[in-house]
Amino acid sequence: MNPSSTGAAVALPAAAAVPRRPAFLAQLWRHKGGAFALAVVLLFVLLAVSGRLVAPYDPNTGELASMLAAPSGRHWFGTDELGRDTLSRVIDGSRIAITVAFLSVALAMLAGVAIGVVAGYFGGWIDSVLNRSQDVLFAFPTLLLAIIIVAVLGPGLFNAVLAIAVVYTPRFARLARASALTVKTSEYLDAARLAGVSTGAILVRHMLPNVLPSVIVLAALSMSTAQLAYASLSFLGLGVSPPQADWGSMLSKARDFITVAPWLVAWPVAALVLLMLAFNILGDAIRDVLDPRHATATGPANAV
Amino acid sequence: MLRIVLSRAGAMAAVLFAVSALVFALGSLIPGDLTSVIVGQEGATREQFEQVRRDLGLDQPLPVQYVRWLGHALQGDLGTSPITGRKVAADLAQQIPVSVELAVLCLLFSTLLGLPAGIAAAVHANRRLDVIIRAQLLVAFSMPTFVIGILLLLVGSRVAPELFQMAFTPWSQDPAAHIRSMIMPLATITLPMAAMTMQMTRSAMLEVLSDPFIVTARAMGVPLQRIQYLHALRNALPPIVTFVGFQFGVMLGGLIVVEQIFSLPGLGRAMLEAISTRDYPMVTATTLVFAMAFVLINAVIDMLYPVLDPRQRPR
Numbered sequence: 526m527n528p529s530s531t532g533a534a535v536a537l538p539a540a541a542a543v544p545r546r547p548a549f550l551a552q553l554w555r556h557k558g559g560a561f562a563l564a565v566v567l568l569f570v571l572l573a574v575s576g577r578l579v580a581p582y583d584p585n586t587g588e589l590a591s592m593l594a595a596p597s598g599r600h601w602f603g604t605d606e607l608g609r610d611t612l613s614r615v616i617d618g619s620r621i622a623i624t625v626a627f628l629s630v631a632l633a634m635l636a637g638v639a640i641g642v643v644a645g646y647f648g649g650w651i652d653s654v655l656n657r658s659q660d661v662l663f664a665f666p667t668l669l670l671a672i673i674i675v676a677v678l679g680p681g682l683f684n685a686v687l688a689i690a691v692v693y694t695p696r697f698a699r700l701a702r703a704s705a706l707t708v709k710t711s712e713y714l715d716a717a718r719l720a721g722v723s724t725g726a727i728l729v730r731h732m733l734p735n736v737l738p739s740v741i742v743l744a745a746l747s748m749s750t751a752q753l754a755y756a757s758l759s760f761l762g763l764g765v766s767p768p769q770a771d772w773g774s775m776l777s778k779a780r781d782f783i784t785v786a787p788w789l790v791a792w793p794v795a796a797l798v799l800l801m802l803a804f805n806i807l808g809d810a811i812r813d814v815l816d817p818r819h820a821t822a823t824g825p826a827n828a829v
Numbered sequence: 187m188l189r190i191v192l193s194r195a196g197a198m199a200a201v202l203f204a205v206s207a208l209v210f211a212l213g214s215l216i217p218g219d220l221t222s223v224i225v226g227q228e229g230a231t232r233e234q235f236e237q238v239r240r241d242l243g244l245d246q247p248l249p250v251q252y253v254r255w256l257g258h259a260l261q262g263d264l265g266t267s268p269i270t271g272r273k274v275a276a277d278l279a280q281q282i283p284v285s286v287e288l289a290v291l292c293l294l295f296s297t298l299l300g301l302p303a304g305i306a307a308a309v310h311a312n313r314r315l316d317v318i319i320r321a322q323l324l325v326a327f328s329m330p331t332f333v334i335g336i337l338l339l340l341v342g343s344r345v346a347p348e349l350f351q352m353a354f355t356p357w358s359q360d361p362a363a364h365i366r367s368m369i370m371p372l373a374t375i376t377l378p379m380a381a382m383t384m385q386m387t388r389s390a391m392l393e394v395l396s397d398p399f400i401v402t403a404r405a406m407g408v409p410l411q412r413i414q415y416l417h418a419l420r421n422a423l424p425p426i427v428t429f430v431g432f433q434f435g436v437m438l439g440g441l442i443v444v445e446q447i448f449s450l451p452g453l454g455r456a457m458l459e460a461i462s463t464r465d466y467p468m469v470t471a472t473t474l475v476f477a478m479a480f481v482l483i484n485a486v487i488d489m490l491y492p493v494l495d496p497r498q499r500p501r
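For the record, the sequence lines run as chains A and B. Going letter by letter, the first sequence gives residues 526 to 829 in the working numbering. Going letter by letter, the second sequence gives residues 187 to 501 in the working numbering.
By construction, these hints were calculated from the structure, which means they are not laboratory data. Note that the structure is a prediction, hence the values are computed from the model and not measured. Note that the Cβ used here is the ideal one computed from N, Cα and C, for glycine as well. Among the hints, a few may not be true.
To be verified - Computed footprint of chain A on chain B, listed as stretches where at least three residues anywhere in the stretch have a Cβ under 8 angstroms from a Cβ of chain A:
| hint | region |
| --- | --- |
| 1 | 335-346 |
| 2 | 437-449 |
Claimed, not checked - Residues of chain A placed beyond 12 angstroms of chain B at every Cβ, according to the derived structure:
| hint | residue |
| --- | --- |
| 3 | A548 |
| 4 | A564 |
| 5 | V579 |
| 6 | T710 |
| 7 | S723 |
Use the sequences and the hints to build the structure in full.
So, in structure tokens, the structure goes:
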């Protein structure tokens, strides 16, 4: 898959991977859904980064004079029961949503790839122990497992991220192990071993580059469900603590005011669904670009 | 057949034993322990602290604690909640029926909706009806349960305020009010489940419909309806049942969400409340019940497989 590592050369691969990147972005940009999705995700990232600079009001302090005000020129998205500006809170919430999506998937990817590559390369009892324990995790319902983990760790933003990462790790491990198994028997790996390359170097320089493309596709596809899983946890009160806004906790509070202030429900849901769609389409686009063989096979992601 | 059931039951008991040990170990991993909840953080002397710890048996090593807890649990005693002061088992006896009712009704209605829709979609594959059904499915698929619930609340509060305002009423108090209070929660959890059942039915049916025996049946003049519902569906059932069972497990998570949205006094809500109040005996008990339900569902599906598919039966 990676042309650079098919040679027996030992020092080349890392350098050879670089020129691919601009081509990859350009291809993504030319992909019909990819450009749109990338733009939406970038918009959310931008909102997340600039956050309080763009937000018209402080997301966490309200004016009691304008409690539950309907959307108007002053408050575009209306205000909540404490007079806090919904637009500012939705913007502030995007910081949490983006952070959680990237962080939890990145953690799961790191752990999963490490476990998968080690299991695939070494085989034997390490493989079966890792496999069995992953099977147990894999069998459990996503949200239920995340809730149980949060129950153990205690509610909170980072613990929720950790819980999602744990839940997602087995998928990455499984995929990485499968790719590692195919690379393991290849001739160039035999050549590297005969040339006396150390085990660590083989894993990092030869296994990793071959495992990565499929893992990146899975990571892109996991972003949207990870974001939703976190929103669910937060909705259940297991995410951020009160003054801080995120979409899940905003919706959980908005439920009490649903008859008088429907805008409190509408905007967080809109943001959530938009980001979810963008992540979904982006994931599909990245898969199409990186892995053309699966371009037509579309299965719906397993929502929580 | 009996031997299979017995060996399955044995394996299940082993799994449940492992699960209970795991849940208990997890429970003792929770930062802080029961003592601090009971005694309170301030004003307690060291002696009082130690006294409570001794009374609860928390000064014993973990395996000893586990065996004692398991012994009590097997006799139906899951401890007493330090928060409510009630017996955990008594609370569970109240909460489990609510959750089970919701789960069973969800399974029933989602099958009643999803199966015919899936068959219709497969028969009309890639024509307008199929496309419409699948477009709706995609929406239901990708939304998390709580978003569906909250949107239903939003619509419900406008269209049918009498349904929206229903607080949970037990069946024994007023059956009619009970049914009305369950409609919204049921719709929330049934929609995504029905969508998945439909999707699975569609693909399983499509596979079977291209089999030679269907062509033979048609050539012999068997009515089309009969072919679809009898010949094809019967053969498409095993994968559908497996998948529905798997989704049923996934739905346990949705159950927690739905109970929270609609304030149903079920197991999921009890679990969330226990987590936030650090009610350890309750957290352990509810977690255990959920894990057991999941293991049980999977075991039942494994046993259904040879019933549905004669090729899977041992000779």
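Item to check | Structure-inconsistent hints, enumerated in ascending order | outcome: Of the numbered hints given earlier, the structure breaks none, since each of them holds.
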